[in-house]
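Protein chains in written order, with this note's numbering: chain A, 12 to 291; chain B, 4 to 554.
It is worth saying that the hints were derived from the structure and are not from the lab. Among these hints, one or two may not hold up.
Claimed, not checked - Which chain B residues face chain A? A few, computed with CB under 8 Å, are given here:
#1 Ser196
#2 Arg208
#3 Asn361
#4 Asn414
#5 Gly417
Unchecked claim - If the Cβ cut is set under 10 Å, some of the chain B residues that face chain A in the computed set are:
#6 Lys108
#7 Val250
#8 Asn253
#9 Asn259
#10 Gly341
#11 Gln474
Note that the Cβ used here is the ideal one computed from N, Cα and C, for glycine as well.
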Amino acid sequence: MSRRARLPALVMASAFVAATAQAAPAPGDAVSFIACPIARDTGPETDLCFFAEHRGERFALLNPPDTGGPELGHKVLVEGVVTDKPRLCGGLQLEGRFTPLRELSPECNVLLPFDGKTTIAAGSAFSVVQRRTGLQELAERAEREPAISILPVTQPPAPAEPLPPKPYPSRSLTLDYLFDSDRGQGPQLSELIALVDYAKAIKAKRVIVSTRRAASRLDDGQVLTETEGMGRRRADKLTAIISGLGFSTDRIVARINEEPPAPDGRDDWRARSAVVTVEP
Amino acid sequence: MALLRSPLFRSATFSLGVGACVFGLGVGASAVDRAQPGVVGDVAGQVPAQQQQAQTAPITAVEAGPSTRDWASPGAGRTMPASADYPNETGRLGVINLSGPVVTKGHPFFTPLGANGRACVTCHQPGDAMSVSVQTIQERWAATGGKDPLFAAVDGSNCPSLPQGEAKSHSLLLKNGLFRIFLPFPPKAADGSAMEPEFSIEVVRDPTGCNTDPVYGLKSDNPMVSVFRRPRPLANVKYLLELPHGVPPNDKFFFNDKTLLPKDPETGGFVSMQLLSDGRQPTLRTQAVEAAVNHLQKVGAPSKAELDQIIAFEKQIYVAQVQDIDGGALTGAGSPPGLGPRALADGQPAHLANNAVNRIFGTFKPWLDEGALPATTPAERKQRAFRASAARGADIFWRRRFVIKDVGNYNSKGLSNPFKRSCGSGCHNTLLAGMDLAPGFMDLGLNTHPTNERPDLPLFKVTCKASAPPQAYLGRTIYTYDPGRALITGKCVDVGSTMTQQMRGLAARAPYFTNGSAANLRELVDYYDRRFNIGYSEQDKQDLVNFMRTL
Numbered sequence: 012m013s014r015r016a017r018l019p020a021l022v023m024a025s026a027f028v029a030a031t032a033q034a035a036p037a038p039g040d041a042v043s044f045i046a047c048p049i050a051r052d053t054g055p056e057t058d059l060c061f062f063a064e065h066r067g068e069r070f071a072l073l074n075p076p077d078t079g080g081p082e083l084g085h086k087v088l089v090e091g092v093v094t095d096k097p098r099l100c101g102g103l104q105l106e107g108r109f110t111p112l113r114e115l116s117p118e119c120n121v122l123l124p125f126d127g128k129t130t131i132a133a134g135s136a137f138s139v140v141q142r143r144t145g146l147q148e149l150a151e152r153a154e155r156e157p158a159i160s161i162l163p164v165t166q167p168p169a170p171a172e173p174l175p176p177k178p179y180p181s182r183s184l185t186l187d188y189l190f191d192s193d194r195g196q197g198p199q200l201s202e203l204i205a206l207v208d209y210a211k212a213i214k215a216k217r218v219i220v221s222t223r224r225a226a227s228r229l230d231d232g233q234v235l236t237e238t239e240g241m242g243r244r245r246a247d248k249l250t251a252i253i254s255g256l257g258f259s260t261d262r263i264v265a266r267i268n269e270e271p272p273a274p275d276g277r278d279d280w281r282a283r284s285a286v287v288t289v290e291p
Numbered sequence: 004m005a006l007l008r009s010p011l012f013r014s015a016t017f018s019l020g021v022g023a024c025v026f027g028l029g030v031g032a033s034a035v036d037r038a039q040p041g042v043v044g045d046v047a048g049q050v051p052a053q054q055q056q057a058q059t060a061p062i063t064a065v066e067a068g069p070s071t072r073d074w075a076s077p078g079a080g081r082t083m084p085a086s087a088d089y090p091n092e093t094g095r096l097g098v099i100n101l102s103g104p105v106v107t108k109g110h111p112f113f114t115p116l117g118a119n120g121r122a123c124v125t126c127h128q129p130g131d132a133m134s135v136s137v138q139t140i141q142e143r144w145a146a147t148g149g150k151d152p153l154f155a156a157v158d159g160s161n162c163p164s165l166p167q168g169e170a171k172s173h174s175l176l177l178k179n180g181l182f183r184i185f186l187p188f189p190p191k192a193a194d195g196s197a198m199e200p201e202f203s204i205e206v207v208r209d210p211t212g213c214n215t216d217p218v219y220g221l222k223s224d225n226p227m228v229s230v231f232r233r234p235r236p237l238a239n240v241k242y243l244l245e246l247p248h249g250v251p252p253n254d255k256f257f258f259n260d261k262t263l264l265p266k267d268p269e270t271g272g273f274v275s276m277q278l279l280s281d282g283r284q285p286t287l288r289t290q291a292v293e294a295a296v297n298h299l300q301k302v303g304a305p306s307k308a309e310l311d312q313i314i315a316f317e318k319q320i321y322v323a324q325v326q327d328i329d330g331g332a333l334t335g336a337g338s339p340p341g342l343g344p345r346a347l348a349d350g351q352p353a354h355l356a357n358n359a360v361n362r363i364f365g366t367f368k369p370w371l372d373e374g375a376l377p378a379t380t381p382a383e384r385k386q387r388a389f390r391a392s393a394a395r396g397a398d399i400f401w402r403r404r405f406v407i408k409d410v411g412n413y414n415s416k417g418l419s420n421p422f423k424r425s426c427g428s429g430c431h432n433t434l435l436a437g438m439d440l441a442p443g444f445m446d447l448g449l450n451t452h453p454t455n456e457r458p459d460l461p462l463f464k465v466t467c468k469a470s471a472p473p474q475a476y477l478g479r480t481i482y483t484y485d486p487g488r489a490l491i492t493g494k495c496v497d498v499g500s501t502m503t504q505q506m507r508g509l510a511a512r513a514p515y516f517t518n519g520s521a522a523n524l525r526e527l528v529d530y531y532d533r534r535f536n537i538g539y540s541e542q543d544k545q546d547l548v549n550f551m552r553t554l
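The following block holds chain A by itself, in its conformation from the complex:
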């Protein structure tokens, strides 16, 4: 199907009012479902926001930074526990994850127009710079002193933490993954870099990479199991990363569990994890 045929359909928000009334999920309730993401315009100066609908309720689609965003043209697997945070994009906020599923779903193609009231904070998802304190003052100063406008405003990296005193402790990091994915999250990979630097600095005896394959139970009882070999894929990728960061491959131990734990429909996303442990 050509891109032109798949221009987003702009529909009235009222078309998405729940057809059947159900009790709204309360904070602490778990949800797990697959649905189309719906995009919403939030005004001329800001980005779009996304939500998904399930059993008459809307759920905001939010992942941690640099984890994965919702995609029209693809369904999402939404897993999490309802929080008591304010609604975002008109949807309940979850503590959990959503995963854009890789197969194409061209019917997922709804972009709602700005309704005049649903807004989000301005700022680029990629850039942390815009949220930096003092940037507005610097922008105002650049108006008066144009030469400032071509100087970087990037903050220098934080200095490395000093090593703790001996005996060096073991350190661990847990990384979590979206469903059927071996793509790490940016902030967690920054922590991994620091962990590997620690391992190198203390000449660690070994680094243990423990990964697993997992499954998710949906609210309708369906169980989705990750692709066979996903534990191995995650381990191989982490091993390649750790050795590529300079830690000796022959001191990296991979422990892989390809047997998914029984999914409970509540914390299944947490099972999709890897633990990297530095043994001094």
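Chain A is fixed; fit chain B onto it per the hints.
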């Protein structure tokens, strides 16, 4: 030859449009497997006819007729000044050699190194912002009767098998500034080993004839895919080479899939992948080796000394427009601080600039302030009108958001599909240079049918395996003019993706986009307006064009 066994040469040749035999080199192995097809000397895989063709190309082109563009002739031996400017259709391009005047006589960048009479400078002309423009290409054809080494059969024609004396055999270069890039299929890994791609490829139509050619095509003894691409500007390279600052962990990780960035085969350091449109060569050094063998048809790699000299030259040259026929001088007191090559030479590379301070290329407010002053002459009024327009264009570029949707490898790398950004806050976010810092391979639709209509280019049908993750928005059956990065990675998700480019010296180097789809800046703006349904007004478009021609 020891050099052929060196890690440098092995890594440089993994993705050459040459046969398989050179890739499996190991320490102590013979240089090439001479039983493989197309072995010529110590270089494998160039089909024999290519070498013969190279040797029939004239080393010295016949000069005739006036040109509007400066032409740096290989081997001419003139000294390149420390600072000079060159004419183009909308003004003048400034070129700075930071190391001082460059004596080109005997300099390997300016000297034919191979059998076909070309030097690096043939396709990376200073007056064309270190690329080569269609204007220059057409002038060289007219001046030399098509005999300049620029038109060498190997990649300066639509296919080496075509009659070389005819303009129609060079139509893609003459009309769109495109050179034939021939890459092995199936792709080869970095160590030269065979890869199992996630897709098959068929030729749907082939106006060039090269992909179906019995000697040069997909079903030849040396299976290759021929695609057609613009040479990227080989200037301001510190902005291409430097790893991203301030956006960890992207100084070590590829944003898209969170693998580690590739490494320099010599130093082991991470590299940015910003050099080539498909990211196939990690460093200037490996790119120079590949270019010498493929484009210059040199038998064997350049020497270390030659490579050192080439790279030193490339790292010190800066280009940007310095004068506009309507806007006047673009640098100096009262000018936007980001304009001109000196700003690039002094600037800090690899910083994210999509913020209210930087606005990617710095503020254009000096021109807005100037516009508030009364103009006393018609010439002054005209100049101020242009400058005000360019300033508005800069603001549109930085501020005007639009919905960016279905860009494979871009929306799908975690940014959401769609998302709403401006040109500058989205893909063109690098301070003073304007490419994607991330780095940004993406399928903008230019390489895919029917989003873009290019009846002059070969059209391929790519069919991905059912087990492979599909291309993010096109699925598993894709019609493409150029599989792009996928010809290097073998991955379905990469079909159609090519790397964003820097935006400096645009006025000197039309046409634009990797496949030359935009003949001028207006067509470039029109493509984006169409592709993303932006709704630019006529004034918006003119403002953007005027802004971009000052860069």
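**Message:** Please list, smallest to largest, the hint numbers that this structure does not respect.
**Reply:** 1, 2 and 6
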